[in-house]
Amino acid sequence: MTAAAPIAARGLCKSFGAAPVLRGVDLTVAAGSAALIIGRNGAGKSTLLRILAGLWSPDDGAALLFGEPSAALAPAGRRRVGLVTHQSFLYPNLTARENLEFFCALYGVAGASKQIARWLERVGLATAADDRVRGFSRGMEQRLTLARALIHRPAALLMDEPLAALDAEGVAMAAALIDEALAGGCAIVLTAHQPLAIAKLEFALYEIVRGRLVVRPAEGGAEPRGAIDPRQPAA
Amino acid sequence: MAGFAAVLRKDLRLEMRGGESLVALVALSLLVLVVMVFALDPAGGVRDAATAAGALWVALIFAGVIGSSRVLLAERDNGCLRALILSPLDRGALYWAKLTAAFIFMAIAEAAAIVLMVLFFNLDFDWRLMRMAPVIALGALGFAALSTLLAAITGRVRAGDMLLPLLAVPLFVPALIAGAKASGAALGGAPFAAIAQWLKILVAFDVLFVNAGWLLFEYVIGEE
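Heads up: the protein sequence lines correspond to chains A and B, in order.
Note that the first sequence ends on residue 235 in the numbering used here; no numbers are left out.
Note that the second sequence ends on residue 459 in the numbering used here; no numbers are left out.
Warning: the hint list may mix true and false statements.
[Claimed, not checked] Cβ-to-Cβ under 10 Å is the rule here; a few derived chain A residues that face chain B:
id, residue
1, 92
2, 103
3, 138
4, 139
5, 140
6, 141
Calculated directly from the structure, the hints in this document are not laboratory data.
Idealized CB from N, CA, C, for every residue including glycine.
Hey, can you work out the whole structure from these sequences and the hints?
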């Protein structure tokens with residue numbers, strides 16, 4: 001029996017009032033692969049990610065994580081999902097270390113102290129580990145958000161504009177983390193406003209056009225792909 | 236259990252660090268008691284136990300609305316509530332953690348309010364205060380349970396902060412009457428049987444709303 005794809009959408013439809021945002025979106029992301037979804041502001045990228053994460057219900061169709069409806073995912077399934085959204089999910093009055101300690105406790109991360117030290121180092125926040133998040137810049141908060149989303153080694157990762165607010169070094173760091181997650185078998189969906197000239201990493205590239213998910217072949221290539229270029233951070 | 240402990244520890248740590256809820260709770264209790272003292276007996280002198288108990292419960296309700304709602308409202312900063320919903324944390328554990336935190340904050344505020352009540356109403360620090368302890372504890376638990384559930388509901392709508400007291404106070408009236416009567420009886424030195432009849436109402440109220448919160452919390456806190 002074949003294992004279900006970590007991330008899948010089947011005929012997703014969503015409207016806000018009379019305005020349809022998603023019309024029959026189909027998507028399958030296998031383990032160890034990634035989909036980059038682009039689109040203009042208001043195209044429905046964040047809506048799609050929220051539905052895939054289980055925060056919103058679709059009007060029609062199904063959002064599946066590991067073959068289960070994402071909104072009804074059991075705790076064991078939720079333990080395998082990581083999410084980066086426009087909101088950091090961080091507590092401003094806790095330090096970087098305390099925030100990660102809290103999420104490690106929620107996700108049952110073994111050897112939390114070592115993992116936290118390692119991840120703070122990875123995202124370049126080792127020297128700010130005991131500073132409160134309230135005093136962080138937007139970029140520092142985004143780095144900690146990446147650590148928060150990845151520290152429990154998710155098998156499915158949903159990232160809404162994960163490179164926003166990161167400097168060139170931060171984009172390179174994020175690209176390395178995404179590459180590492182892919183190598184570890186993680187399925188990833190991420191969004192951006194435009195095709196990121198993303199070097200090194202390869203993605204199936206899609207665009208949301210008038211509510212439909214359209215495959216975008218890379219320039220000069222048959223395979224849909226995209227790339228992250230540290231010199232061109234997301235808008 | 237680990238999730239419950241993690242959320243509770245985090246809430247207490249945030250409160251110890253920020254202190255907004257406790258300061259507001261104690262300050263509001265002080266304000267209400269001062270107003271009640273001057274409104275009920277502007278000439279000063281000895282106040283009776285029933286009046287003191289009534290003033291105490293008014294202070295507790297005002298303070299409770301702020302304290303218990305803060306426990307959930309704080310989770311809306313940076314979308315933290317979403318993180319909790321999407322985490323493997325059992326939503327029942329989340330409810331118990333929030334209820335426990337609200338109860339602890341209210342209990343601390345009530346301890347301060349009782350001291351203020353004794354001072355303002357010329358009462359004595361004696362065994363009658365100990366007899367009032369279970370009454371106050373049951374009242375705090377009931378109000379914490381009611382307002383935790385209602386805060387989860389009203390937090391989903393605009394101006395939910397305004398809506399919370401409008402819903403919580405009327406629903407709390409049965410417990411308020413029972414609590415004020417039981418506290419007055421305890422402070423007045425009445426026999427335990429006179430207190431017990433009101434305690435039964437408080438126990439029933441607590442059982443109802445603690446369980447209602449536990450059963451409904453998963454649904455009211457779920458999808459946005």
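Going down the list of hints, with the structure as the test:
1. 92: 6 Å, holds
2. 103: Residue 103/A check passes; min Cβ-Cβ to chain B is 8 Å, inside 10 Å.
3. 138: 12 Å, violated
4. 139: 15 Å, violated
5. 140: 14 Å, violated
6. 141: Holds, about 9 Å.
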